[in-house]
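Same order as they appear, the protein sequences are chains A and B.
In terms of our numbering, the first sequence opens at residue 1 and continues consecutively.
In terms of our numbering, the second sequence opens at residue 1 and continues consecutively.
Among the hints, erroneous ones may be present.
What the hints assert, rightly or not - No more than 20 Å apart at the CA atoms, straight line, and that leaves these computed lysine to any residue pairs for SDA-like: (1) B:Lys41 x B:Phe191; (2) B:Lys41 x A:Trp152; (3) A:Lys139 x B:Gln48; (4) B:Lys41 x B:Pro125; (5) A:Lys106 x B:Arg54; (6) A:Lys139 x B:Gly193; (7) A:Lys106 x B:Ser46; (8) A:Lys106 x B:Gln62; (9) A:Lys139 x A:Trp152; (10) A:Lys139 x B:Pro125; (11) B:Lys41 x A:Ala104; (12) A:Lys139 x B:Arg97; (13) A:Lys106 x A:Ser173; (14) A:Lys139 x B:Phe50; (15) A:Lys139 x B:Pro192.
Said to hold, decoys possible - From the structure, some residues in chain B lie toward chain A, with a derived Cβ separation under 7 Å: (16) Gln48; (17) Ala52; (18) Phe57; (19) Leu61.
Derived from the structure by calculation, the hints contain no laboratory data.
None of the values given here were measured: they were computed from a predicted structure.
Backbone N, C-alpha and C define an ideal beta-carbon position, used for all residues, glycine too.
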Amino acid sequence: MSLLALWMSVAVAAERPAHPTAANLLGGSEVGHWDAAVSAGFPWLSARAQVGLPGGWTPLVEVQSALATRWQPSAGVGLRWVDRRWRVTGEALAGWLFQTGVLARKGPSAELRIKAGRAVGVLQPYAHAGTRHTLLWTKTTVDTVAGDEVSWQAGHEWTLTGGLGLGIAAGPSWGLDLGLDLPWVGVPTVSIPGVHLGAQFGGGR
Amino acid sequence: MRPSILAALLASGCAEPPRGATYRGVTLPVTDLHLHPGDWKSVPASTQAFLAGRFPFPFGLQPEGLAEGVLAAEGILSELTDAGIRRGGLFAIYAPRSVGVASNALVLEAVETDPERLFGFASLPVDAWDTDGPAALEALDRALDAPGMVGVKLAHAHQRFRMDDERYWSIYALAAAHDAPVYLHTGPSPFPGTSQEAPYTDPAYLEAAIAANPDTDFILGHLGHDFINQRVGDLQGCIDLASRYENVWLEPSALGSRSSDPEGENLTASMRAIRDAGLVDRVVYGSDGPQSPGFVGDYLQRTLDAMDRSDYTVDEAARVLDGTYAALFGAAPLERP
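Sequences are here, hints too, so could you generate the full structure?
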């Protein structure tokens, strides 16, 4: 097959909703299809898997990590709201935060996010934004002459999630993306943007 | 001589000193009295968390590398140079239950990195004073004999001893014998493990010591600022003491930082109150850096802005930025660029 024919076949495949790059980056897998993605960068690593159900529903699981110190496993569901030239998907997830080191913390979390983008040939620009809330609790133990005094304090961490990038459908069933990660972790603490390189695959039954 | 070696020698010998700070169109030299060198491992875990929480994400997740770079002498010198500051004072502290320990030896080693630009304040542990006090005083005496050690640093809230406890006045007498001004933290501190009651934070509790030690210069650091509630706090008490005692000096560090005073209102109000009281010549500039990259320069700019809003003249600003340090410590004033 000539290179031109190969590029055209990939471009056609990329613009199909079933391509794993579109499914992962824009949201929503085709009915009966599974899709997965991994990405690595600074400071985030992530892995994700999802499967398509009727009605545009897509259950998913994902895990994100910053510097292997902050871990965010989650499970949830996505729903495609718009799926024409543009795709707009909403996702709702519940999970847990594990953070070790000097700023150790943990607790249940919930996130709502929206994803949007479109396929332009093999290219798939995308963006996403969301809000994530984590319930924290801290145990303080004070040694006293009379014995240990234990107290618990509840807390809350608010993170605005977000990012944008460009996906590339490199083959009929796989793709790559280069993205800018723009979460605002622990508002109002300042967050530095991150970058990542990702791979998407799947699309099969 | 080979051209490349000659060029290097010329460059090192003719290196430009930091440019200074521009105030109302005039470039003024700056001395930052108040800087903290340190060893991250000597900081208590709760204080490490407090500091790491101020780092931008994700640096707070693994803060040790960044903190060590900022706390090292070379990092501090870099911050001073970037801010246009010519010289800086490094504080020792012995507060193992709150902010940690930066020993006199650590400070002396840091000063020796660049003795032309760095000077030190010695400190001493005050725990178990009745048994360990004499030995602590002897160690302080030896530290103050070291070249480059020009003052004494105390922090009653962090070190958890009362300002009006006469048992500790021997520290002030020793400082006077060395012509070493004593810097004291005033006002409630946000650090974990600190004493926040009035006898540990309110400068009014220092009056007896000030009156009893007229040969000791007392620098009231942070102007009694309430860092917990982020309000002016005991500023008027500091001004009152400086008005009535010639051995009292004022230092406005940290209270005007972005985190403590986002709009700059507290620092402006403080500088204006000092000027209105006719005490500009008692103000010695300090930042309480380095804290994080860029803090030293940012605090200098915020102080310049506060003085401008308070209508300080160029000469008054020059006095604050370097003149008072020179007068108080008997140092040569820096020449204006």
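Numbers of unmet hints, in rising order: 2, 10, 13
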